[in-house]
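Construct the complete structure from the given sequences, taking the supplied hints into account.
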Amino acid sequence: MSIVIDRPQASRIKVVLELEVNNHAGVMSHICGLFARRAFNVEGILCMPLADATRSRIWLLVFEDQRLEQMIKQVEKLEDVLSLQRHGAEHAVFERLEEFFR
Amino acid sequence: MMQMTGAELIVRLLERQGIETVAGVPGGAILPFYDALSHSEKIHHVLARHEQGAGFMAQGMARVSGRPEVCLASSGPGATNLVTAIADAKLDSIPLVAITGQVPLAMIGTDAFQEVDTYGMTIPITKHNYLVRDANELLDVVPAAFRLAMSGRPGPVLIDVPKDVQNQRIEFEDYPAPVVPAPLPAPDLAAIEQAAQMINDAAQPVLYLGGGVIASGASHLAVTLAEQAGLPTTMTLMALGAMPVDHPLSIGMLGMHGARYTNYVLEEADLLVCIGARFDDRAIGKAAQFCPKAKIVHVDIDPSELDKIKTAHVGIHGDVSQVLEALLPQVHVKLREDWLAQVDSLRSRFPLATPNIDNPRSHYGLVQAVADALDDEAVITTDVGQHQMWVAQAYPFRRPRQWLTSGGLGTMGFGLPAAIGAALAEPTRTVVCFSGDGSLKMNIQEMATAAEEELNVKIVLMNNNALGLVYQQQNLFYGKRTMASNYKRATDFLKVAEGFGLETVDLDTADDPAATLAAALKRPGPCLIHCTIDREEFVYPMVPPGGANSEMIG
Ligand SMILES: Cc1ncc(C[n+]2csc(CCOP(=O)(O)OP(=O)(O)O)c2C)c(N)n1
Ligand SMILES: [Mg+2]
Chain A
1 MSIVIDRPQA SRIKVVLELE VNNHAGVMSH ICGLFARRAF NVEGILCMPL ADATRSRIWL
61 LVFEDQRLEQ MIKQVEKLED VLSLQRHGAE HAVFERLEEF FR
Chain B
1 MMQMTGAELI VRLLERQGIE TVAGVPGGAI LPFYDALSHS EKIHHVLARH EQGAGFMAQG
61 MARVSGRPEV CLASSGPGAT NLVTAIADAK LDSIPLVAIT GQVPLAMIGT DAFQEVDTYG
121 MTIPITKHNY LVRDANELLD VVPAAFRLAM SGRPGPVLID VPKDVQNQRI EFEDYPAPVV
181 PAPLPAPDLA AIEQAAQMIN DAAQPVLYLG GGVIASGASH LAVTLAEQAG LPTTMTLMAL
241 GAMPVDHPLS IGMLGMHGAR YTNYVLEEAD LLVCIGARFD DRAIGKAAQF CPKAKIVHVD
301 IDPSELDKIK TAHVGIHGDV SQVLEALLPQ VHVKLREDWL AQVDSLRSRF PLATPNIDNP
361 RSHYGLVQAV ADALDDEAVI TTDVGQHQMW VAQAYPFRRP RQWLTSGGLG TMGFGLPAAI
421 GAALAEPTRT VVCFSGDGSL KMNIQEMATA AEEELNVKIV LMNNNALGLV YQQQNLFYGK
481 RTMASNYKRA TDFLKVAEGF GLETVDLDTA DDPAATLAAA LKRPGPCLIH CTIDREEFVY
541 PMVPPGGANS EMIG
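So the protein sequences, as listed, match chains A and B.
Per our numbering, residue 1 is the first one in the first sequence, and the count goes up by one each step.
Per our numbering, residue 1 is the first one in the second sequence, and the count goes up by one each step.
No lab work stands behind these hints: they were computed from the structure.
Bear in mind the structure is a predicted one, so any value in this text is a computation, not a measurement.
Even for Gly, the Cβ is constructed at its ideal location relative to N, Cα and C.
Nothing false has been slipped in among the hints.
Computed from the model, here is a short list of chain B residues facing chain A with C-beta under 8 Å:
| hint | residue |
| --- | --- |
| 1 | Tyr119 |
| 2 | Gly120 |
| 3 | Ile123 |
| 4 | Pro124 |
| 5 | His128 |
| 6 | Leu131 |
| 7 | Leu148 |
| 8 | Pro303 |
| 9 | Ser304 |
Shown next, in the form of C-alpha cells:
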C-alpha cells in the first residue's frame, strides 16, 4: 500500500554526502538554502576548490532522516551540482577534522 | 571578430533565440540594455505599468506558446516587483527568462542606490539564476538560461546584469547557436512494462493528469491511453483542457472544489495512473486518505516529484510524451463496462451542482454565457478567488493551452497581465480574463497597457465587492466572523476602465445580458464587461482545508 511521507523523524545515524560542484560564488547559498528552509540540520560543512579550480568539492555531514532521499534529489537538481555520493558515518573526512574542534 | 557591448550582445542573443516580444519597465540600472533594445528591429517592447505585470505578461506568452519568454526590470524595486511573477512561474513550471539590471560591480554590497541582492533573493524562486560579472560570460549565460528554462521540467531563470557589464565592450569570434531543449532522459522500459501490466490487471483504474501533460504536449497521447484502456480521467487545475470536459471518460477536476462524484470515483480506484501531476494538497486533500485502495503509477520528468508526497509502486522518471508512446503499445484495449457503469452511476448521483446556469447574471450562468458566445479558439485566463473556481468547474475546456491560471502560487493579479501576454503572443485569438473585484485591483494598471497595445482582451469582472473566497472561508470555518473580506466602499470599475481607455459594458443594466455580452466579446479591442455577483454565493462542494477529499461540504 502507498505510504505517506509523514513528519520528519531524525535519527542519530550520520550520513556523509560528497558533492562535486561548479566553483563560483553562490553555489553554497543554493545548497544551504535547500536544507535551511526544510529545517534539515546540516551538522558539518566543508568546501575546498579542486585542482583545476573550476570545481569544488563539498562535504556535508547530516543525520539520516525520512526526508533525506527527497533532500538528495533536490540537491541533485541544482544546476551547479555535478555529482553527489553518499557515504556512511565511517567516512574519515569529518572524523579527522574533529581534532580542530576540541 | 565581433565587437559590441554586453547590452547589445544580450539583444542579439534574444533575437537569435526567436524572441519577438518582451515586457518590462526601464530604470537606471537597465538603461544601457534599453538603449541597445531601441535599435532592435526584431523585438517589440511592451511597456508594462508595473514589473509584476511585465512578469505575468511574459508568463501569458509562455503559457500559450510553450516556449520561454522574457521580462525585464531594473535593479532594486524593479527586481523586487518581479519576484511574485517569478515565484508564480516556478510553482507552475512555466519557462521564463527574467533579465534585471544591477548596480555596477564595484558598488555591489555597498547599499548603493537601488541595490538589492537580486541573486540571493531569487535563489529559492528560480530554477537557476545568474549574476553576470563579465560581459564575456553572457555568451554562455544567455543560451544556458534559455536551455534551462525550456528543458526537463520548465521554469524561470533570472539573469542579473550589472550596469557596467552591460556597457562593457567585448570581442568574440561568433555568436553561440540558439538553444533547443536538452536531451530527455531515456525512458525506463522495465518500469513502463510493469506499469502497463498494472493497468492491464487493474479492475478500477483512474487516470490522473497534471500540468506536465500540457507542458510535454502529450494531451492527445493521454486521451488515447484513456480510450484504449477505458480509464476514467481526472485533471488537476493545471491540466484542464488536456482532455475535453465533454469526453465520455472525463470525470472533471479533482480536489478541493472538484465535483463530489470525481472525488468519490478516486476513493474507489484500485490503480491511480498519475501523469505529470504532483499530488498537490489542493488536489488530493489529506494525503494519507487519498485514493485509499489504489496502487500508484507515477510518471514525471522531475525525479524529485516521485515519492515526494505518495510513494509510487512504479515511479517512472521521464518525459510524459515519450513514456506514453512507449506505454501505449503494451496497454490492452479494455471496455471496462462494470467500472465505467459504476463511474456513471456516481456521476449521475453526485454531479456538480450549477444552480442558475441559465441566468447570465449569476456566477455559473455568466461562465456559461461566455462559453456560449465563444469557440474553443478563445483563451481563458483567471485571477484567484471564487470566480477562478467557478470558471474551473463550469467552463467547457477542450484544448491544451486554452486555460491559463495561477495554480501553485494562487496569485491575485495574475489574470489581466497574463491575458495581455496571451493576446500579444496570439493576436488572432479572443482572450477573456475572468476576474474578481479584489484581484483586478492588484494589477489594474495594466488596463493602460492593454489599451495602448490595442489588444483583444476582454475582462469579465465578477463583482461581489468582496474578497469572496476569504469571506466564504470565514463564514464556513471561522464562526461567520467576517473580517477584512468585505469592501466598505464599492469601486466604480466602469469609470476606472473608461479612464484607462477601455470599452465598457455593464451587464447589470443590460436588457438582454446574454446578447450584450456576446456582442462585447465579438467587438475587437480591450473591453471591461462588468457583472454584479451575489456575495452570498459560495464555491461548492468544498473540502475543508486540511481535510480528506471524501469530507466535502455543500
Ligand atoms: C496576492 C494575493 N493576496 C492574497 C491572496 C488570498 N486570497 C485568495 S482569494 C482572495 C479573494 C479574492 O477576491 P476577488 O478577486 O474579488 O475574487 P472572489 O473570491 O471575490 O471571486 C484572497 C484575498 C491571494 N491569493 N493572492
Ligand atoms: Mg470579489
